[in-house]
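Position chain W against the provided structure of chain F, taking the given hints into account.
Protein sequence lines correspond, in order, to chains F and W. 1077 is the number of the first residue of the first sequence in this note's numbering; add one for each residue after it. 1077 is the number of the first residue of the second sequence in this note's numbering; add one for each residue after it.
Please keep in mind that the hints were generated in silico from the structure rather than gathered at the bench.
Note: identical chains are not told apart, hence a pair may lie in one copy or across any two.
Distance condition first, Cα-Cα at most 20 Å in a straight line; then the derived SDA-like pairs of lysine to any residue:
id: 1; residue 1: K1292; residue 2: L1237
id: 2; residue 1: K1484; residue 2: H1535
id: 3; residue 1: K1205; residue 2: P1289
id: 4; residue 1: K1205; residue 2: R1328
id: 5; residue 1: K1484; residue 2: R1554
id: 6; residue 1: K1205; residue 2: E1329
id: 7; residue 1: K1205; residue 2: A1332
id: 8; residue 1: K1205; residue 2: V1330
id: 9; residue 1: K1205; residue 2: R1334
id: 10; residue 1: K1205; residue 2: D1516
id: 11; residue 1: K1205; residue 2: G1519
id: 12; residue 1: K1205; residue 2: D1331
2 protein chains.
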Amino acid sequence: MSAQRILCPRLRQRIMDADAAAALIPAGANVGMSGFTGAGYPKAVPQALAARMRAHHDHGEADRISIWTGASTAPELDGALAEVDGIELRLPYQSDPVCRQKINEGRMEYIDIHLSHVAPYAWAGFFGKLDVAVIEVAGITEQGELIPSSSIGNNKTWIDLADRVILEVNHGQSAGLDGMHDVYYGTALPPHRQPIPLTGPQQRIGERYLHCPPEKIIAVVETNAPDRNSRFSEPDEASRRIAGHLLEFFSREVDAGRLPANLLPLQSGVGNIANAVLAGLADGPFENLTAYTEVLQDGMLSLLKSGKLASASATAFSLSPDANRDLAEHIDFYRDRIVLRPQEISNHPEVIRRLGVIAMNGMIEADLYGNVNSTHVMGTRIMNGIGGSGDFARNGYLSVFMTPSTAKEGAISTIVPMVSHVDHTEHDVQIVVTEQGLADLRGLPPRERARRIIEHCAHPDFRPRLLDYFERASASGRGLHTPHLLSEALSWHERYEQTGRM
Amino acid sequence: MSAQRILCPRLRQRIMDADAAAALIPAGANVGMSGFTGAGYPKAVPQALAARMRAHHDHGEADRISIWTGASTAPELDGALAEVDGIELRLPYQSDPVCRQKINEGRMEYIDIHLSHVAPYAWAGFFGKLDVAVIEVAGITEQGELIPSSSIGNNKTWIDLADRVILEVNHGQSAGLDGMHDVYYGTALPPHRQPIPLTGPQQRIGERYLHCPPEKIIAVVETNAPDRNSRFSEPDEASRRIAGHLLEFFSREVDAGRLPANLLPLQSGVGNIANAVLAGLADGPFENLTAYTEVLQDGMLSLLKSGKLASASATAFSLSPDANRDLAEHIDFYRDRIVLRPQEISNHPEVIRRLGVIAMNGMIEADLYGNVNSTHVMGTRIMNGIGGSGDFARNGYLSVFMTPSTAKEGAISTIVPMVSHVDHTEHDVQIVVTEQGLADLRGLPPRERARRIIEHCAHPDFRPRLLDYFERASASGRGLHTPHLLSEALSWHERYEQTGRM
Chain F
1077 MSAQRILCPR LRQRIMDADA AAALIPAGAN VGMSGFTGAG YPKAVPQALA ARMRAHHDHG
1137 EADRISIWTG ASTAPELDGA LAEVDGIELR LPYQSDPVCR QKINEGRMEY IDIHLSHVAP
1197 YAWAGFFGKL DVAVIEVAGI TEQGELIPSS SIGNNKTWID LADRVILEVN HGQSAGLDGM
1257 HDVYYGTALP PHRQPIPLTG PQQRIGERYL HCPPEKIIAV VETNAPDRNS RFSEPDEASR
1317 RIAGHLLEFF SREVDAGRLP ANLLPLQSGV GNIANAVLAG LADGPFENLT AYTEVLQDGM
1377 LSLLKSGKLA SASATAFSLS PDANRDLAEH IDFYRDRIVL RPQEISNHPE VIRRLGVIAM
1437 NGMIEADLYG NVNSTHVMGT RIMNGIGGSG DFARNGYLSV FMTPSTAKEG AISTIVPMVS
1497 HVDHTEHDVQ IVVTEQGLAD LRGLPPRERA RRIIEHCAHP DFRPRLLDYF ERASASGRGL
1557 HTPHLLSEAL SWHERYEQTG RM
Chain W
1077 MSAQRILCPR LRQRIMDADA AAALIPAGAN VGMSGFTGAG YPKAVPQALA ARMRAHHDHG
1137 EADRISIWTG ASTAPELDGA LAEVDGIELR LPYQSDPVCR QKINEGRMEY IDIHLSHVAP
1197 YAWAGFFGKL DVAVIEVAGI TEQGELIPSS SIGNNKTWID LADRVILEVN HGQSAGLDGM
1257 HDVYYGTALP PHRQPIPLTG PQQRIGERYL HCPPEKIIAV VETNAPDRNS RFSEPDEASR
1317 RIAGHLLEFF SREVDAGRLP ANLLPLQSGV GNIANAVLAG LADGPFENLT AYTEVLQDGM
1377 LSLLKSGKLA SASATAFSLS PDANRDLAEH IDFYRDRIVL RPQEISNHPE VIRRLGVIAM
1437 NGMIEADLYG NVNSTHVMGT RIMNGIGGSG DFARNGYLSV FMTPSTAKEG AISTIVPMVS
1497 HVDHTEHDVQ IVVTEQGLAD LRGLPPRERA RRIIEHCAHP DFRPRLLDYF ERASASGRGL
1557 HTPHLLSEAL SWHERYEQTG RM
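Chain F on its own, in the form it takes in the complex (with noise of 0.2 Å):
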């Protein structure tokens, strides 16, 4: 196996199993982990050191340490380490349901972190030492450059920080993903920092391979694992017509001469509101559509092979078994239309706002204002966290955020008079979209959203409490920029813990 992906001898010699590599990280350590997404994460390394840290726990010794990622990985990595309470501090973003419950009982610290800052605050020597970094590639060419695997994320950054590095080799991702990658080796601290010379989206101004001076290298480990499996779920009713009138909106811009006849390039979350998205783009009239986004699902690529789609730059893939096995059959043909970069390139404000990316991200709640709750669950509780959104919404040139109007089966609105949390301020918010409608606050002053959102995007059983609030607030006596009664502003999110209904 070896003799197809490892090529360069002085790398083979570095070959061990995953017990062996792992015992080469120390309590303690600040460790960066590729993967973004579920994908390209180290697959075989995490859970022996699990195994290690079980063990040491069991004879009451500590054994923990930190992990930095590209994004979200899988339960192979943050759920077997969160398992066995192995993670001192997790950052810059997670999604596992272990990690999260463990944050949420304060027995994990996690700083959740704008994915573009991630990199350059890295840098900047903000988190302290990198120690080691645990890589998935694909593979490793005769003069030891490294194959990036399915997503790249930090994997740059990580491998240039840390003091030492651990590759882990999976036989299992695509061959053919060599010559997908765009590692952009321009970066710098300032003063030293120059324009990126990005233009557009299936422009490529980087390298095919991420570097390593091979003494670092202390060991490579092989696998042969899929990806975390995204299951790909067909977009409910909720979905669809959250889609619809987005796409109904973008027609209106396009004939308004606000945006071009085939939009601009896309960002898109993922999930449920998501796919159907990316499902009525696929149904709809834009064409030569391009993408600059974080994540490549499975609508991406069907929209890339009906044509729809002509080019997609990105920082990973997030894809179904069927989906990953069209992309190893199709290779060639995606390679020629798919970049996977770096993040702290797919996510720059200096290149979403030169690009003019449309955003679009779901969210937990917002507020008569304009104001999003990406991140957490009532106030106290993290869900995942902010990921990538901020970077898009704030320098995109549409910043859409998209839920369905109720959660737990209606006992949640997801209109709420104050969120419990802000990520995304009324400064930084364009369109929230529901089933019920979009409510489009460009050029809108704080009141005249209230009314756009309570009217389009509230469900009509919590509308007319909304609305009373809302007159209540503006009757007052208090200040009228921004109308609210602070005793009851957060009295939903109150009442909803209390009574299990808002």
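Structure of chain W alone, referenced to chain F:
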């Protein structure tokens, strides 16, 4: 007088008085006006317009306009027009007491916008059609080029977008301003945007003059009036202590290798704390500093004069009469060291991130987790606006927010359990400083941030109650990622409104 400042024969034919020019602005128009932090705003036409509006209103006739500017203006513009209820909608920033009152009484609409978003959104058509521009200039060349005044703000954009343009030529502005400006004409709408080729604060990438087709210029009005008197007050004790904490922090960062010895380009808000920081830099160990900021106040000129500051980029001056005289007297010295740019460049995320700006801004309040309120008093009443603080805080190398730990003679704690309005989220705030101390939040999870902020920044009078809130929230059985007691989170503000004390 005209002979010196209005050299273009064709435009001399357009000279008229302010009443005649104001008559060319139709009721209901969207009007783009010059002006940024009380510099370079039109002095005569707005007052003439206000007089006309008052007369119309006295006869029961509607006569209001919407006003788009760079940022704040002065009593002669915002004050005069607000006084006669002449402003339908105001964007993107104001600081006028009459405006503030009308907005908070619900009698004037106001949209509070990131300053870097204004020009792109206007170009995209998100605010509707711009009918008229009223722009102060320092002079008109023989070829009809416009010499910018003491601010540039959005003037290029307003001139380009408006159907008709009214110029005010202010003989009171120093003729020596000619050559200090750098008007970048390389912006575009996507997908046609290109990298902005700016890599240093002093670099010039644009043109010396503003351009306007002469046929669009419907009036030229001559004035001779100073900019708003920005009184310089000596830093008080609290401000000096805040500045001291910050300068100590900079020294530690230099020692740790996380900042160059000459720091990085400085962005500084205006006001007492900013003055204290600049005064501290004047006495401090750092040499060869640069500034990449919005506004140049007295302290920046002093720093330039002393040689500590090598160069400064901004979009406006905001000077005391003394400093303004000094500027005029040594205009050749300052012209070699100062560049005034359009605010879409001074505040551009691309440039701010590239240069690695140190963002230093005031705030109204911060909460335990590092969320910052820059705009709203007690959650409902607008103070001024977010201005450029978001552009700099999100994209800067460091983002610092500063305030005394109490307000209203100790009745208000500026450190609260939960801010009553969020302008800068926990994801965007790195350093919080009060006279009590400095909390470095970089690389800290939320509960660590809370402990740090309580310990270092809260006033001792409020510290025990903040700690009590945090401990009870942590013991409440709710989520421990961001512990809160939703029923109490805003109770400090509520108590202040009821009792006059938090």
